Amino acid sequence: MSQPSMSEALRGVVRRDLLLAMRHRSDVAMSVFFVVIVASLFPLGVGPEAAVLRTIGPGVLWVTALLACLLSLGRLFTADYLDGVLEQTALIPQSLAVLVIGKVFAHWVVSGLPVVLLSPLLGLQFGLGGESLGVLTLSLLLGTPTLSMIGAIGAALTLGLRGSGLLVALLVLPLFVPVLIFGAGAVTSSLSGVGSEANLSLLGACFVLSLTFAPWATAVALRIALE
Amino acid sequence: MLQTVTLSGSRGQRQLFSDVSVTVKPGTLLAVAGENGSGKTSFLRILCGLLSPDGGTILWQGKNIRQLKELYSSQLTYIGHLNGIKDDLTPIENLTLSACLAGDDSSRTIVQKALESVGLVRPIHLLPTRVLSQGQKRRVALARLWLSTRPLWFLDEPFASLDAAATNYLTQRLHSHLCNGGMVVVSTHQDIALPTDSIQHLRLTR
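Protein sequence lines correspond, in order, to chains A and B.
Counting along the first sequence from 1, when you hit position 131 you're at 163 in this note's numbering, and nothing is skipped either side.
Counting along the second sequence from 1, when you hit position 60 you're at 535 in this note's numbering, and nothing is skipped either side.
Since the hints were made in silico from the structure, they are not lab data.
Certain hints may be false.
Said to hold, decoys possible - Within a straight-line C-alpha distance of at most 25 angstroms, the following computed SDA-like cross-link-like pairs (lysine to any residue) qualify:
hint, chain 1, residue 1, chain 2, residue 2
1, B, Lys500, B, Val480
2, B, Lys544, A, Val130
3, B, Lys612, A, Thr110
4, B, Lys612, B, Ala668
5, B, Lys544, A, Thr244
6, B, Lys612, B, Asp563
7, B, Lys500, B, Ser651
8, B, Lys544, A, Arg57
9, B, Lys544, A, Gln35
10, B, Lys588, A, Glu163
11, B, Lys612, A, Asp115
12, B, Lys544, A, Gly116
13, B, Lys588, A, Leu51
14, B, Lys612, B, Gly594
15, B, Lys612, A, Val46
16, B, Lys544, A, Ala253
17, B, Lys544, A, Leu51
18, B, Lys612, A, Tyr113
19, B, Lys612, A, Arg57
20, B, Lys612, A, Leu114
21, B, Lys544, A, Val46
22, B, Lys544, B, Asp529
23, B, Lys538, A, Val252
24, B, Lys588, B, Tyr644
25, B, Lys544, A, Ser224
Said to hold, decoys possible - Okay, the calculated beta carbon distance ranges per label pair:
hint, chain 1, residue 1, chain 2, residue 2, range
26, B, His664, A, Leu50, 37 to 43 angstroms
27, B, Gly487, A, Pro152, 49 to 55 angstroms
28, A, Gly77, B, Arg541, 53 to 59 angstroms
29, A, Ala129, B, Lys500, 32 to 38 angstroms
30, A, Ala129, B, Ala635, 57 to 63 angstroms
31, B, Pro603, A, Gly79, 46 to 52 angstroms
32, B, Gly656, A, Leu145, 46 to 52 angstroms
33, A, Phe65, B, Thr624, 43 to 49 angstroms
Claimed, not checked - Which residues of chain B face chain A? A few of them, derived with a C-beta cut under 7 angstroms, are:
hint, residue
34, Leu526
35, Gly530
36, Ile533
37, Ser548
38, Ser549
39, Asn558
40, Gly559
As the structure is a computational prediction, the values presented were derived from the model and not from experiment.
Glycine is no exception: its CB is placed at the ideal position from the N, C-alpha and C atoms.
Extracted from the complex, chain B is given alone in its bound form (with noise of 0.2 angstroms):
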């Protein structure tokens, strides 16, 4: 379960958020809105432990991030606004050293599979990413969530430069993630079509 207490933030002298107090447990999605500039993506990588807060505590399992260090980043996959892919190397290649490094299997077929999952097929897995559309390359940064085996997952903006089909396999994906007992904290714009129950609503105002 992770929450947040009275948690608060800001970009340089401006105050984004603050007072921030929400639970996400086991099997529910917390959807972060609120208009351009209100802080959105802050406040996801505050609570990945990419920014430190104004004020407030972040607790995972009862345990502040901030001792747990190591620990809560086991525990967690980011998507951020940025792709976090290279656009040298082919979606396998990014897939498969992304894989390595946060320590999930890496194996091709289970890559292949993946990647496949977000609708990328041959020949697509073996050109550089530079060549892909903007859409094909989220897919690319998305397709790293069928190779998580991690509880909690921040998302930010995950259904920009998706299709239809694309925002499918993901939603399917999402569903499947908190029927697990995942949890997911996503900012986005867009309503997800996901049972009401499983969804909360955080919007962020200064």
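Chain A on its own, in the form it takes in the complex (with noise of 0.2 angstroms):
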């Protein structure tokens, strides 16, 4: 009988998902635009002070990563749940973490790899340097598919509720504390010449914790939506 090894799933659900995104392009610039926009308002609004962009750089550019993440999570999972392609991709028979993983990383390559992309660029116009950029970069590169993981569990427990864009905020927001901490805390610390290492250990300990238990815990809010 006909059943799909678990890579022929996985790449079936990032493909369509990659697929849809090519077909909504606005709504994949919207998330960079945004990014753009608010990181380039900062410098205007606070003064050309070198020292004072530097120090509020790393802080500023991660929180609008976080937030260009939390505009795109209603994208995740609504449009599949009112068109019955998540029914269909339940009965997927292989696990639904694992399905789940290649939404959350369709997501994440839309969403979040543009920021982590545009980094360096965005960075200059706060004064960091050539090693605070690559540690900006390379947190946000660990940061942001942590964020993608969890904000998908708060994306999937709202599913089909009324205002569920407020509730997802209110409940993800103290999830992405930690990674805000140690995320703008590595390029401080980088600027400040103490070291980066611990705040990216940590940072890398909360993208394996996101991967160990977000799918798992998503899957079953989405198999609860479902009901």
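The task is to assemble the complex, starting from two chains supplied on their own in separate frames and drawing on the hints.
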């Protein structure tokens, strides 16, 4: 009897979501523009003082990346839920948690990866130098998929509820805090010459922890939503 | 063989059906009827494992589906009330991805043939599904049955929005599936033009 292998199912989910993202380029561009515009407004509002910009830069860039992730979470499961694709996904003879990883990966490619790629450019606006730019990029590379995975739990828990956008924010923002602290902390440590290894290691631990538990928790929440 | 033993289900506080014991043998179709809100969709979703029953058990080849999990999912094809297709993808893309995820043959020739089997010919294959009519979208969803090699089909109001030609295509497909020893559970308000000895009827009442 036909049964897709785990990698086939994973590839299928990623391919479908990326294809859909290509058909909705404006949605993808919105997240990127949001990050660029917000990050660019801060230097204009705060003023050209290099020391001040360097101090607030890591925090501002990280909060911007976090809000961009939050902004795009609504797209993660809602459309699939409304058009019946989620039902079909739940009936694929593979673990739903694995399929969730595929969906979260596609979400990260569309909303998180552009932020990671743009971060060196955005960091320059805040006067960040060579090493701290590298740390910023690395921290976002570890942190943005973690945000997507944590966000997926909130998106799944609020699926089908009225006012789910606000609820997602209330649910996931407290869980985003450690990622924000370690991510921004890594760049700040690098700027002050203390070394960013400790913060990056903690960020890596958050990534591993979320990769271990978030897909499973999201799958359970999705099954509840489908009932 | 699919078997339900004293199955009962509810939505919220409302009891929909209770003590439903029925057996679907290879080569037979179970037509589930009942007035609106009687729980036909819930019954099908419970049989698929998408919903939990209030009580009773569902057995597939003598084993509880709760224990079989993905093994059971690999035996069934479900086409629900919602079409389960993406409006922004073309019928070809929708079917190819759906077949790929189900582990069925997703080659372009096979997928095109499936679409042609439900009367969807070029250039409809290449249009975004959003521009198709409700009936054509339903045909795209039902085209999955021409790709499915699974023995157990659950179809929720499959004839809704279909014209006479599409109804005929679907009936023929159901007939060939039953002739090959397949099983079908279908919720419908209309009579199905299949040999009467292959159809069982179940009317859900509260």
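Hints versus structure:
1. Lys500(B) to Val480(B): Holds, at roughly 14 angstroms.
2. Lys544(B) to Val130(A): Given pair Lys544(B), Val130(A) holds - Cα atoms ~15 angstroms apart, limit 25 angstroms.
3. Lys612(B) to Thr110(A): 20 angstroms, holds
4. Lys612(B) to Ala668(B): 23 angstroms, holds
5. Lys544(B) to Thr244(A): 21 angstroms, holds
6. Lys612(B) to Asp563(B): 12 angstroms, holds
7. Lys500(B) to Ser651(B): Roughly 15 angstroms separates the two Cα atoms, so the pair holds.
8. Lys544(B) to Arg57(A): With a Cα-Cα distance of about 37 angstroms, the restraint between Lys544(B) and Arg57(A) is violated, given a limit of 25 angstroms.
9. Lys544(B) to Gln35(A): 13 angstroms, holds
10. Lys588(B) to Glu163(A): 57 angstroms, violated
11. Lys612(B) to Asp115(A): 12 angstroms, holds
12. Lys544(B) to Gly116(A): Since the Cα atoms of Lys544(B) and Gly116(A) sit roughly 20 angstroms apart, the hinted pair holds (cutoff 25 angstroms).
13. Lys588(B) to Leu51(A): Cα-Cα ~23 angstroms, so holds.
14. Lys612(B) to Gly594(B): Given pair Lys612(B), Gly594(B) holds - Cα atoms ~12 angstroms apart, limit 25 angstroms.
15. Lys612(B) to Val46(A): 23 angstroms, holds
16. Lys544(B) to Ala253(A): Holds, at about 17 angstroms.
17. Lys544(B) to Leu51(A): Answer violated: Lys544(B) to Leu51(A) is near 29 angstroms, above 25 angstroms.
18. Lys612(B) to Tyr113(A): 17 angstroms, holds
19. Lys612(B) to Arg57(A): This hinted pair holds, its Cα atoms lying about 24 angstroms apart.
20. Lys612(B) to Leu114(A): Status holds; Cα separation ~15 angstroms.
21. Lys544(B) to Val46(A): Roughly 23 angstroms between the alpha carbons, so the hint for Lys544(B) and Val46(A) holds.
22. Lys544(B) to Asp529(B): Given pair Lys544(B), Asp529(B) holds - Cα atoms ~18 angstroms apart, limit 25 angstroms.
23. Lys538(B) to Val252(A): With Cα atoms ~23 angstroms apart, Lys538(B) and Val252(A) stay inside 25 angstroms; holds.
24. Lys588(B) to Tyr644(B): 13 angstroms, holds
25. Lys544(B) to Ser224(A): The hint is violated at about 54 angstroms.
26. His664(B) to Leu50(A): 37 to 43 angstroms: 40 angstroms, holds
27. Gly487(B) to Pro152(A): 49 to 55 angstroms: This hint holds: roughly 53 angstroms between Cβ atoms.
28. Gly77(A) to Arg541(B): 53 to 59 angstroms: This hint holds: roughly 58 angstroms between Cβ atoms.
29. Ala129(A) to Lys500(B): 32 to 38 angstroms: 35 angstroms, holds
30. Ala129(A) to Ala635(B): 57 to 63 angstroms: 33 angstroms, violated
31. Pro603(B) to Gly79(A): 46 to 52 angstroms: Holds, since Pro603(B) and Gly79(A) (Cβ atoms, about 49 angstroms apart) stay within the stated range.
32. Gly656(B) to Leu145(A): 46 to 52 angstroms: For Leu145(A) against Gly656(B), whose Cβ atoms are near 48 angstroms apart, the range 46 to 52 angstroms holds.
33. Phe65(A) to Thr624(B): 43 to 49 angstroms: About 46 angstroms separates the Cβ atoms of Phe65(A) and Thr624(B), which means 43 to 49 angstroms holds.
34. Leu526: 6 angstroms, holds
35. Gly530: Given a least distance of 16 angstroms, the restraint on Gly530(B) is violated.
36. Ile533: 14 angstroms, violated
37. Ser548: With a minimum Cβ separation of about 4 angstroms from chain A (threshold 7 angstroms), the hint on Ser548(B) holds.
38. Ser549: Since the shortest Cβ distance to chain A is 4 angstroms, the answer is holds.
39. Asn558: With Cβ-Cβ at 6 angstroms, under 7 angstroms, it holds.
40. Gly559: 4 angstroms, holds
Figure legend: structure checked against the earlier numbered hints; hints not met, in rising order: 8, 10, 17, 25, 30, 35, 36.
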